[in-house]
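Keeping their order, the protein sequence lines are chains A and B. Per my numbering, residue 101 is the first one in the first sequence, and the count goes up by one each step. Per my numbering, residue 874 is the first one in the second sequence, and the count goes up by one each step.
Among the clues, some could well be false.
In silico contact screen, one side only, chain A against chain B (beta carbon under 8 Å); selected entries [to be verified]: (1) Val129; (2) Pro131; (3) Gly135; (4) Val136; (5) Leu137; (6) Phe157; (7) Leu158; (8) Arg160; (9) Gly161; (10) Thr162; (11) Gly164.
In silico negatives: residues of chain A with every beta carbon more than 10 Å from chain B [stated by the list, open to error]: (12) Ala124; (13) Ala125; (14) Ala138; (15) Ala141; (16) Val146; (17) Gly148; (18) Val163.
Bear in mind the hints are in silico, worked out from the structure with no lab data behind them. Just so you know, even glycine gets a beta-carbon here, dropped at the ideal spot from N, CA and C.
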Amino acid sequence: MSIQPAPADSSSEPADDVDAEALAAAMRVVPLGAGVLAGGAVALLVLGYLAVYLLVFLPRGTVG
Amino acid sequence: MSEAHTDIHEPRILATELLWAFGVGILVAATLTMIVFTALTRGINPPSNVERIDPKTLHLSGEFAEHNLGTTVAPDGSVTVRAIATQFMFAPRCMAVPQGRRVTLRFSSPDVIHGLLITGTNVNTMVVPGFVSQVHTEFTSTGDLLMPCHEYCGLGHSEMWATVQVLPEQDFKPGPDGRVSCAQR
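The whole structure should be built from the sequences, with the hints applied where relevant.
Okay, structure coming up:
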């Protein structure tokens, strides 16, 4: 039994046939999901920064 | 993926990325605006005192001579703390400060770069040989605060720390020479 390289491993090999409908269906939700995940993570980070800046850093006063 | 599929999805991916970049740009601009606004209206700046001093003669004479280290209350009532950061200790190891009064902290180093922070306050500065690091603060609550070196300065770095003892106003009593030491407990 010979071992065939996966299509992605070699540009000379033909890729698997892509089901255009399935791809279109995935592409409708994947960018939105990625945006929600990344946006949520960044929102949490920014909220944490704002909480520390406004509730901890500023009340402690200037040191300069 | 074939060329046709790439052509269909690429504009949407580009639009999503541009939207993301726009959102991040807004966040960065808002953060910078907030920092600049507080710097201008409330004087919130990083400590930037540029004052030179000779590190070779630091401990021999002048402001940072041994007898001058620690807490001093001037005749006008202003409180100044002077300390040397050296491998691998702060001199003095304990500094007494009053609660609720503006305190000036001055540090210098005769050897390598050190740094310090005082826990629970915004005091946080580098101590660079050849310069005096100066910060001001007001301690709001009494108690002992840890002041560690936060810039790696050698093998003994982790042992390099001091205590800032915040005393209530009635316990902060300068001697006849205007000096205040940590209360013995």
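Right, here's what the structure says about each hint:
| no. | hint | in the structure |
| --- | --- | --- |
| 1 | Val129 | violated (12 Å) |
| 2 | Pro131 | holds (5 Å) |
| 3 | Gly135 | holds (7 Å) |
| 4 | Val136 | violated (12 Å) |
| 5 | Leu137 | violated (12 Å) |
| 6 | Phe157 | holds (7 Å) |
| 7 | Leu158 | holds (7 Å) |
| 8 | Arg160 | holds (4 Å) |
| 9 | Gly161 | holds (6 Å) |
| 10 | Thr162 | holds (5 Å) |
| 11 | Gly164 | holds (4 Å) |
| 12 | Ala124 | violated (8 Å) |
| 13 | Ala125 | holds (12 Å) |
| 14 | Ala138 | violated (7 Å) |
| 15 | Ala141 | holds (12 Å) |
| 16 | Val146 | violated (6 Å) |
| 17 | Gly148 | holds (13 Å) |
| 18 | Val163 | violated (4 Å) |
Hint check: violations occur at hints 1, 4, 5, 12, 14, 16, 18; the rest are consistent with the structure.
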